[in-house]
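Using the sequences provided together with the hints, build the complete structure.
Residue numbers (the working numbering), protein chains in the order written: chain U, 81 to 519; chain G, 17 to 337; chain D, 8 to 176.
By construction, these hints were calculated from the structure, which means they are not laboratory data.
Computed from a predicted model, the values in this text were never measured in an experiment.
We put the CB at the ideal spot given by N, CA and C, even for glycine.
Any given hint could be a false lead.
[What the hints assert, rightly or not] Covered stretches of chain U, as calculated for chain G (at least 3 residues, CB under 8 Å):
| # | segment |
| --- | --- |
| 1 | 127-134 |
| 2 | 251-262 |
| 3 | 373-383 |
[Said to hold, decoys possible] From the structure, some residues in chain D lie toward chain G, with a derived Cβ separation under 7 Å:
| # | residue |
| --- | --- |
| 4 | Phe62 |
| 5 | Ile131 |
| 6 | Glu134 |
| 7 | Glu135 |
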Amino acid sequence: MHLVTGLIGLIALIGLIVVRVPIAYSMIVVGGIGIAYLNGTDILMAQLKDLAWAQFSVYDLSVVPLFVLMGNIATRAGLSNDLFRAANAWLGRFRGGVAMAAIAACAGFGSVCGSSLATASTMGQVALPELRRYRYSGSLATGTLAAGGVLGILIPPSVVLVVYAVIVEANIVTMFMAAFLPGMLAVILFLLTIAVYVRVRPDAGPRGAVVDRDELISATMNMVPVLTIFGLVIGGIYFGFFNPTPAAAIGVFLVILYGLAKRVLKLKDFRYALLETAKTSGMIYLILLGAELLKIFMSRGGVPQAAAEMMVNSGLPPLAILGLLLVALIILGCLMDSLSMILLAIPFFWPVIADLDFGMNPEDVKIWFGILALIVVELGLITPPVGMNVFIISTLDPNTPMSETFKGVAPFFFAELLRVVLLVAFPAITLWLPRFLSG
Amino acid sequence: EEQIKFKLHHFLGPKAPAHSQMLVPWAERIEKASNGRVKIEIYPSMSLGGKPPQLPRQVRDGIVDLAWFVNGYAAGLFPRTEVFELPGVHQGNAAATNLAMNELYKDHLAAEFKGLKPMFLHVHGGMALQMADKEVRTPADLEGLKMRIPSRTGGWVLEELGANPVKTSVPDLPLALSKKVVDGALIPFEIIPALKIQEQTQYQIEGPNGKRLGTLTFQVAMNQAKWDSLPADIQQIFTDNSGPEWLKEVGQVWDNAEKGGLAVAVKAGNKHVQLTEAEWAALEQKASPAVDRWAEEISSKGVDGKALYDLAVATVSKYMK
Amino acid sequence: MVTNTQSWTRAYALVHRLCEIWALAGGVLLLAVVLVNAYSITADILFGIPLTGDFELTEMGIAIAIFSFLPYCQITGSNVSADIFTMRAGRLALALMGLLAGLLALAFSLILLWRMSAGLQDYITYEEVTAIFSIPIWIGFIPALVSLCLLVAASLMTAIDCMKTRRRA
Ligand code: NA
Ligand code: NA
Numbered sequence: 081m082h083l084v085t086g087l088i089g090l091i092a093l094i095g096l097i098v099v100r101v102p103i104a105y106s107m108i109v110v111g112g113i114g115i116a117y118l119n120g121t122d123i124l125m126a127q128l129k130d131l132a133w134a135q136f137s138v139y140d141l142s143v144v145p146l147f148v149l150m151g152n153i154a155t156r157a158g159l160s161n162d163l164f165r166a167a168n169a170w171l172g173r174f175r176g177g178v179a180m181a182a183i184a185a186c187a188g189f190g191s192v193c194g195s196s197l198a199t200a201s202t203m204g205q206v207a208l209p210e211l212r213r214y215r216y217s218g219s220l221a222t223g224t225l226a227a228g229g230v231l232g233i234l235i236p237p238s239v240v241l242v243v244y245a246v247i248v249e250a251n252i253v254t255m256f257m258a259a260f261l262p263g264m265l266a267v268i269l270f271l272l273t274i275a276v277y278v279r280v281r282p283d284a285g286p287r288g289a290v291v292d293r294d295e296l297i298s299a300t301m302n303m304v305p306v307l308t309i310f311g312l313v314i315g316g317i318y319f320g321f322f323n324p325t326p327a328a329a330i331g332v333f334l335v336i337l338y339g340l341a342k343r344v345l346k347l348k349d350f351r352y353a354l355l356e357t358a359k360t361s362g363m364i365y366l367i368l369l370g371a372e373l374l375k376i377f378m379s380r381g382g383v384p385q386a387a388a389e390m391m392v393n394s395g396l397p398p399l400a401i402l403g404l405l406l407v408a409l410i411i412l413g414c415l416m417d418s419l420s421m422i423l424l425a426i427p428f429f430w431p432v433i434a435d436l437d438f439g440m441n442p443e444d445v446k447i448w449f450g451i452l453a454l455i456v457v458e459l460g461l462i463t464p465p466v467g468m469n470v471f472i473i474s475t476l477d478p479n480t481p482m483s484e485t486f487k488g489v490a491p492f493f494f495a496e497l498l499r500v501v502l503l504v505a506f507p508a509i510t511l512w513l514p515r516f517l518s519g
Numbered sequence: 017e018e019q020i021k022f023k024l025h026h027f028l029g030p031k032a033p034a035h036s037q038m039l040v041p042w043a044e045r046i047e048k049a050s051n052g053r054v055k056i057e058i059y060p061s062m063s064l065g066g067k068p069p070q071l072p073r074q075v076r077d078g079i080v081d082l083a084w085f086v087n088g089y090a091a092g093l094f095p096r097t098e099v100f101e102l103p104g105v106h107q108g109n110a111a112a113t114n115l116a117m118n119e120l121y122k123d124h125l126a127a128e129f130k131g132l133k134p135m136f137l138h139v140h141g142g143m144a145l146q147m148a149d150k151e152v153r154t155p156a157d158l159e160g161l162k163m164r165i166p167s168r169t170g171g172w173v174l175e176e177l178g179a180n181p182v183k184t185s186v187p188d189l190p191l192a193l194s195k196k197v198v199d200g201a202l203i204p205f206e207i208i209p210a211l212k213i214q215e216q217t218q219y220q221i222e223g224p225n226g227k228r229l230g231t232l233t234f235q236v237a238m239n240q241a242k243w244d245s246l247p248a249d250i251q252q253i254f255t256d257n258s259g260p261e262w263l264k265e266v267g268q269v270w271d272n273a274e275k276g277g278l279a280v281a282v283k284a285g286n287k288h289v290q291l292t293e294a295e296w297a298a299l300e301q302k303a304s305p306a307v308d309r310w311a312e313e314i315s316s317k318g319v320d321g322k323a324l325y326d327l328a329v330a331t332v333s334k335y336m337k
Numbered sequence: 008m009v010t011n012t013q014s015w016t017r018a019y020a021l022v023h024r025l026c027e028i029w030a031l032a033g034g035v036l037l038l039a040v041v042l043v044n045a046y047s048i049t050a051d052i053l054f055g056i057p058l059t060g061d062f063e064l065t066e067m068g069i070a071i072a073i074f075s076f077l078p079y080c081q082i083t084g085s086n087v088s089a090d091i092f093t094m095r096a097g098r099l100a101l102a103l104m105g106l107l108a109g110l111l112a113l114a115f116s117l118i119l120l121w122r123m124s125a126g127l128q129d130y131i132t133y134e135e136v137t138a139i140f141s142i143p144i145w146i147g148f149i150p151a152l153v154s155l156c157l158l159v160a161a162s163l164m165t166a167i168d169c170m171k172t173r174r175r176a
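Next up, the structure:
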């Protein structure tokens, strides 16, 4: 009975999404009508008096618009150019090196930007012309950047991770610590993927220019400010100098200083950064509101409890259930963006996971599952049919058909699957750093 | 006859003692006494939406039938009831404070409960000082330290004691302590086991005979219209199971939780500090402007704050015997 | 007909402009939140005295800013949707889907405007204040209601825009 309610709600939701109703409004409509249907219109109308206000004023979520702003200012401040120039000075000389440099620069940019799409589009604009100049195949060039964009979210700060922490009541700082080593692992696996790719297809990724010593030093020096900002913001969070919200504020401040010092930030750049932040943050918070309404509907219908009970009573081993849930997230990734997915699925999936015995303490499971979920929802960005990163890179490079980009991104997809397997098999990769740093 | 259903909403998880040792037994007793005519479904973890400060509004508006909440989370909604949070009122015996609140409710507190029908008001074990690495015995020891505030009035107390009040959510407290974002917290011992506070602190500090620097007040409230719609015998069942006997039991649950929490800390090698009468008096004396601050603020609502404070102190003392 | 189209274009441009200005105002508020936090943490690190109550200023500032972003999101079509299933749909079908989305947004913004006005009343009657500075919460509802008025206008514009497209199709 409860599960039927949930199923009807889910079908209605998918129906609205398919006919292009924005995901936030689809959630709002299904959640609102569901509450009214189950418990009456009066309750819904009373709750709407301050639900949005409450949802928008959650302190822990205040880091989201701040990190979005930081990323947008970084985009306008020319930070991406410096990163790529330095990475390319070191790596460009190797076979596939320009693509490797793009990955490294994506990782660097991801360390100041909380969004995957912003990382993909910013680094795409910087690196695509270079990749084309060295005659990289369209498939490898665009695939690399679409995959590299994912690092924007896998390396802290990360908007999706903040939202996950708020839902399961985990500590945001602990989640940021936990994401770090898996993020580094992603960078290593992506670099290896390119190395293998160009070994199989040498003409896809020729060697770039060998730079002289002076250029190597000057390019490296240029990268120092970015590393300093990352060190202060994320290091400051890790080592407890400040909470995430003040850290993000400091980050915004430093990126502005960087842009002003470089004389690239003009008034119009601020205007642009603020308006982009308005678009992204407004969209995110509207989805948060929709997800809250949907959660209320499902709770009133008894759905999460029923779903958790069914899973736990299914008799499947914990790892099989974990696998099923992760696969479900990958499939959902075809439909919606990562944030909507986390908001939609985690309230149902977390109670199931929390009830299973993985031989770890519950707090560790919370962290470990969060990182796994983060990775698989991000996979949705590079898988067909809806791969937002692939779409973005395609608009930047009209000469490469989208099908080629999807082909180019496939090896990275398998690298990510390998990473999921590694993280499942060795929880310590995720759990070691938070343990070490919280002493 | 049709079963009457209630949705009881609250902000803690289903594993919290408040859920399993207070709310669940209360609901079960009422269901049993009604021979199944009443059904109370409990929704933990804010699963029916919103943030904890909104719970009183949710009850008033009938979004939920019942809710359990901290009165002070929505600052300003229950200014009179706030008197029981002030230093010098709660004496480290939760049952006594519960009974005092019950006694003063009708004549002195009820005005601020419009639209709500409180089932019962209660407090937790009270605010102790739990410090990372500083033994606090005098106000001077607190000077300049960053302390986690439990509530508005708790913030005032800390200010008067010379500390810098810092806001940290309860789940974030262990990390805040380990990272020195705060040097300590004004919080009951009861939370020690759930958050492993014993690992991040060395000192558990309270007054003589378990005296505390104030407490938090809570209530379980029913929507007034829902209450009015109930048959008299069902109303009676709610009243009977929420009266003085129950208040004593609730007091026992919270005070036991204090003992349990403290035992965990002591077992881990932490120092349990019980201040002397003289030390305690000095601390309360230094904190007392917080009481004046409250009294002055509430005078704007036409309440004689000083008189209400004295009455609260006297009534709690009466039940201590 | 020509004047009709012209006045429509002008109305649309006006709403777009207003949404943009309002969003920029919200953006400036966001920068103010940045300053408050940066000041607080700097004072904390240098002198050990953080700005008490920075968190409640942050909560209110962010909430007000987010409300101010919603109309701009609507008028610029920034709310994500999945268009993969309908990439080959005809223009009429696309216009109808756009109309549906626009009307849902319009209905939502009207209901929320109505309900949050009641919420304002409620927060004045049962006044709740912030813990440190004792700022009444209802103050934040006022700019939020202005944002919702703009959201109504923006949703109306996006819905009408789809109908115009349909007529042209
Ligand atoms: Na990032
Ligand atoms: Na996808």
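We went through each hint and held it up to the structure:
With 5 residues having a Cβ less than 8 Å from any Cβ of chain G, the segment 127-134 of chain U passes the three-residue criterion, so the hint holds. Judged by the Cβ-Cβ criterion of 8 Å, the segment 251-262 of chain U is covered by chain G as claimed, because 3 of its residues qualify and three suffice. With a threshold of 8 Å between beta carbons, the proposed coverage of the segment 373-383 of chain U by chain G holds, since 5 of its residues qualify and at least three are required. The criterion of a C-beta within 7 Å of any C-beta in chain G is met by Phe62 (chain D), whose closest approach is roughly 5 Å, and the hint holds.
With its C-beta approaching chain G no nearer than about 12 Å, Ile131 (chain D) sits outside the 7 Å limit, and its interface hint is violated. Checking Glu134 (chain D) against chain G by beta carbon gives a least distance of about 5 Å; that is within 7 Å, so the hint holds. Because the closest C-beta pair between Glu135 (chain D) and chain G is about 5 Å apart, less than 7 Å, the hint holds.
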